[in-house]
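The listed protein sequences correspond, in order, to chains V and H.
Counting from 3, one number per residue, gives the positions in the first sequence under our numbering.
Counting from 2, one number per residue, gives the positions in the second sequence under our numbering.
Treat the hints with care, since some could be wrong.
[Claimed, not checked] SDA-like mimics (lysine to any residue), calculated; alpha carbons at most 25 angstroms apart, straight line:
no. : chain 1 : residue 1 : chain 2 : residue 2
1   : H       : Lys11     : V       : Asp87
2   : V       : Lys61     : V       : Gly40
3   : V       : Lys79     : H       : Met7
4   : V       : Lys91     : H       : Lys56
5   : V       : Lys37     : H       : Glu41
6   : V       : Lys91     : H       : Pro27
7   : H       : Lys11     : V       : Gly88
Hints are computed from structural coordinates only; laboratory data are not their basis.
This is what each chain is made of:
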Amino acid sequence: MSTKVIANVEVEIDTEGFMTNPDQWTKEIASAIAKEEGVELTEAHWKVINFIRKDYSEKGTAPSIRRINKVGGISTKDMYNLFPDGPAKKAAKISGLGKPQGCV
Amino acid sequence: MAIEKMEPIKKVSIIISKGSLDGVYPGLIMANGARMEGIEATVFFTFFGMDAIVKNKQKKIKIATVGNPGMHMPTIIGMIPGMSAMATKMMQKKMDELDIPPVDEFIEMISDAGAELYACKATVDMFGLTEKDFVSQVNGIINVATFYEKSAGAQIIFT
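Pulled out of the complex, with its shape left as it was, chain V reads as follows:
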């Protein structure tokens, strides 16, 4: 387990830079990770992040793209536009969660 200072906070991360302790997450950390991933956070991004965080707190796992669409109300097309080249992975990373483990 290694740590990294993101937005002036020392957080635990895995080898791919995903946070391993979601409780350490803050909005400032989200912005910093997003910048590293080449994503400039807008209101639309925050809607996704807030849903992912809320769903994670209720279910204990990061929601799939399908769940983000069906329950969170964010279309698959929008997800690919907001988080290009890996929507589920990038959104989970920015939301301070581990890498999604599902196949879909």
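Using the hints, position chain H against chain V.
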């Protein structure tokens, strides 16, 4: 790990040739998974695999309970009317729990994800179909030559 030094896959061309539920899902999951990793994906539907993109077939795709050794079911049991429907229903329930969408929704999802979907010209002619028979997500009907052209620089996966 040595694998990290390898050139990552940038593009895949997936051929779906089998029409049962267990025939179409692997290709669909691989196409969707590719897009999720930022990999370009083209899906080519041929023979009975085309059921996945034909309007009145899409929702009727079932799992084969006869001639499918993976089911571990004696042929005489698999033949019982309703057996295939029941096995299909059970599998669909399980897949829904795993957040794997039904075929029609999966096709929409893969298209929305930016993958291109094509129907095989030879099969279209053989089955006497026209463009109107296909769901709106299909990008076109193409022949094998065009498939190879579109697959330039891609890994081709046959399912």
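Tested hints:
{"no.": "1", "hint": "Lys11(H) x Asp87(V)", "result": "holds (11 angstroms)"}
{"no.": "2", "hint": "Lys61(V) x Gly40(V)", "result": "violated (28 angstroms)"}
{"no.": "3", "hint": "Lys79(V) x Met7(H)", "result": "violated (30 angstroms)"}
{"no.": "4", "hint": "Lys91(V) x Lys56(H)", "result": "violated (32 angstroms)"}
{"no.": "5", "hint": "Lys37(V) x Glu41(H)", "result": "holds (24 angstroms)"}
{"no.": "6", "hint": "Lys91(V) x Pro27(H)", "result": "holds (21 angstroms)"}
{"no.": "7", "hint": "Lys11(H) x Gly88(V)", "result": "holds (13 angstroms)"}
The structure shown violates the earlier hints numbered 2, 3 and 4.
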